[in-house]
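Undergrad: The primary structure of each chain is shown beneath.
There are 2 protein chains.
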Amino acid sequence: MRHSMTGRNGGADLAPPAPFDPVVILVRPQLAENIGTTARAMANGGLFHLRLVAPRDGWPQPRAWYASSGADRILEEATVFETVDDAIADLHRVFATCPRPRHVIKPVMTARGAAAELRATSSRKLKSGILFGPERAGLDNEDMARADTLIRYPLNPRFMSLNLAQAVLVMAYEWYLTEDTVPEQYLMTNETHVATKGEVENFMTHLLQDLDECGFLHHEQKRPGMIRNLRHLFARGEVTEQELRTLHGVVSELSRARKIRHTKG
Amino acid sequence: MRHSMTGRNGGADLAPPAPFDPVVILVRPQLAENIGTTARAMANGGLFHLRLVAPRDGWPQPRAWYASSGADRILEEATVFETVDDAIADLHRVFATCPRPRHVIKPVMTARGAAAELRATSSRKLKSGILFGPERAGLDNEDMARADTLIRYPLNPRFMSLNLAQAVLVMAYEWYLTEDTVPEQYLMTNETHVATKGEVENFMTHLLQDLDECGFLHHEQKRPGMIRNLRHLFARGEVTEQELRTLHGVVSELSRARKIRHTKG
Chain A
924 MRHSMTGRNG
934 GADLAPPAPF
944 DPVVILVRPQ
954 LAENIGTTAR
964 AMANGGLFHL
974 RLVAPRDGWP
984 QPRAWYASSG
994 ADRILEEATV
1004 FETVDDAIAD
1014 LHRVFATCPR
1024 PRHVIKPVMT
1034 ARGAAAELRA
1044 TSSRKLKSGI
1054 LFGPERAGLD
1064 NEDMARADTL
1074 IRYPLNPRFM
1084 SLNLAQAVLV
1094 MAYEWYLTED
1104 TVPEQYLMTN
1114 ETHVATKGEV
1124 ENFMTHLLQD
1134 LDECGFLHHE
1144 QKRPGMIRNL
1154 RHLFARGEVT
1164 EQELRTLHGV
1174 VSELSRARKI
1184 RHTKG
Chain B
924 MRHSMTGRNG
934 GADLAPPAPF
944 DPVVILVRPQ
954 LAENIGTTAR
964 AMANGGLFHL
974 RLVAPRDGWP
984 QPRAWYASSG
994 ADRILEEATV
1004 FETVDDAIAD
1014 LHRVFATCPR
1024 PRHVIKPVMT
1034 ARGAAAELRA
1044 TSSRKLKSGI
1054 LFGPERAGLD
1064 NEDMARADTL
1074 IRYPLNPRFM
1084 SLNLAQAVLV
1094 MAYEWYLTED
1104 TVPEQYLMTN
1114 ETHVATKGEV
1124 ENFMTHLLQD
1134 LDECGFLHHE
1144 QKRPGMIRNL
1154 RHLFARGEVT
1164 EQELRTLHGV
1174 VSELSRARKI
1184 RHTKG
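Taken in order, these protein sequences are the chains called A and B.
Numbering (the numbering used here) for the first sequence: 924 to 1188.
Numbering (the numbering used here) for the second sequence: 924 to 1188.
Careful: at least some of the hints might be erroneous.
One copy or any two copies: either way a pair holds, since identical chains are not told apart in the list.
Lysine to any residue pairs mimicking SDA-like chemistry, simulated, CA-CA at most 25 Å apart [as the list claims (entries may be wrong)]:
| id | residue 1 | residue 2 |
| --- | --- | --- |
| 1 | LYS1029 | LYS1048 |
| 2 | LYS1120 | GLN1132 |
| 3 | LYS1029 | GLU1122 |
| 4 | LYS1050 | ARG1081 |
| 5 | LYS1029 | ARG1016 |
| 6 | LYS1029 | ASP1103 |
| 7 | LYS1048 | ILE1028 |
| 8 | LYS1029 | ASN1152 |
| 9 | LYS1120 | ILE1028 |
| 10 | LYS1120 | LEU1131 |
| 11 | LYS1120 | THR1163 |
| 12 | LYS1182 | LEU1049 |
| 13 | LYS1050 | LEU954 |
| 14 | LYS1029 | LEU1130 |
| 15 | LYS1050 | ASP1071 |
| 16 | LYS1029 | GLU1166 |
| 17 | LYS1048 | HIS1155 |
| 18 | LYS1048 | ASN1079 |
| 19 | LYS1029 | VAL1117 |
Worth flagging that the hints you see were computed from the coordinates, not collected in a lab.
Could you build the full structure based on these sequences and the hints that come with them?
TA: In C-alpha cells:
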C-alpha cells in the first residue's frame, strides 16, 4: 500500500464541508503535531469540522500544518473554545470516546454503531460532535457527563493502545463506511471483462480438442471425470476474456511445439 | 479516550498466538520505528504473527522496541525473509493491501470483507498472510502478482493518506471485530440495573401525587395529556434503578422545601 501521499493532497482536494457532518472536538490537546495528524486522519474519512478546547500550546501552531499531510483546510477552519460547554453549545448530540468507562450510567455504542447513529443524526439535519480527550489523561468525568453516549472501540482488552490520530482515524473510517457502496468483493478487470460462459466453453472446446489429439484423454472410462475436473477448475471463480485469450495462446503454442517435435521425430 | 498506554502493556499481557491467525508481512520496510508501531497496531487487534521481508536497516533494531508501546513479544517472535516468495511459501492464502490498484486482474475486497475471509480461512485451519508495502512506494507489481486478493480500504478518494501503522491498524481492527460480540448499543449500568417498568411506575406515582398536591395538574382537561407527556419522557430509553432513587429524592426534597415554605408563609 502506498501510505504517505504528502504533497498530493492539496487542501483544495478536500470535499466541501457538509453542515451536519460530525464535528471532531479535541479536548485540551497537548501536542500541535497531534492536531495535525488528527486533521489528516479526519480527511481520510471525509470529516471536515474540527474544534479545539483549550489547546495546551495555543493556536494556531505551524507544527500542526507540517503534520497534516496537506489537510490544511481542516486546520484553517478549525475553531477554538475555552470550555467543552462552549464547544458543544450549538450541537444536538454529543458522543465521547472512552476505552474503559467506569462508574457512569450512560449508553455505550461501538464505533460502528456510533457511526451509524452519527449518519442518522446528520440526515435529520441535527448537529453532532465527538469528544476526544487529551493524549495522556483522556476525558475526565466532567467531560463525559456532557456526552449523550460513550463510544467504545472493540479492541484487544489486553492491549488497547491508540494514539490520538488513530482514535480519530477509526471513527473517520467508520463514518466513511456508512455511505460506502463498493461491494465487499469484486473482480477488478480493468480493460477486459468477466468472461461469459460461452467464452469459457469456447476455450474448453479448444483445450479438450488438443488434449484429445495428444492422447491425454484416451482412457475412455476416466475421460468424463477428467473433463469435469477441468471444468470445475475453470468454473471456480470469475475468469476474464483476456485471461482466456492468454490460455488459448498457451494451449496453441504447447500444441504447436508438440507437433513440431513429432514432425522432427 | 486514554490513548497512550505505554508501559502498561507488558509483552506478557498479549494473548498467546493462535497458529492460524493471519500473518502481517511488511515488505521492504524502511524505518524501524514503523515496524514497532506496526507491532503496536497489531496488538490492538489481537494479531501476533509478524514477518519482515528485507527490512532496509536490518533486524533487530532497538528503535522498533521503543516505538512498540510494549508489544515486545510480537517483535521478539518476528521472522525475517529475503524475498516475498520465501515469506509466503507456507501460507495458503495471501492478501495484499493496495489503495489504487491498476492494470491487474484480481479479486478486490474491502478491509471488512477481507477480515471475514481471513477469519473463515483461519477456522478452516489454513494459514493466511497480508502484505503491506514499503512506506513510500507501496507494493510493486511483482509483489501484487503473488497475492490472491487485493484489499481496498474504503476511504475518501480525494484524500487517502495512511501511514504504515494506520494501514495495519485498520486491518487489525477489522480482524478483531469479526469475533466481537458486544452489542452496538447498551446502557452501561455499573453497580445498578436497568429499572423494571414497575419501578418506573412507582416513581411516576410518587411524582404525580406530589404534582397533584402542588396543583401542577389541576387543569382537568389537560391533565391526562400532561401525564402522558411525562410518561413519554421517562419511557424514551432505559433508566436505571439508581437514577429513579435519585429522582425520588429530588421530588421529595422539592416537595419538602415547598411544604416548609408554605408552613412558613
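Undergrad: Of all the hints given earlier, name the ones this structure violates by number, lowest first.
TA: 7, 12 and 13
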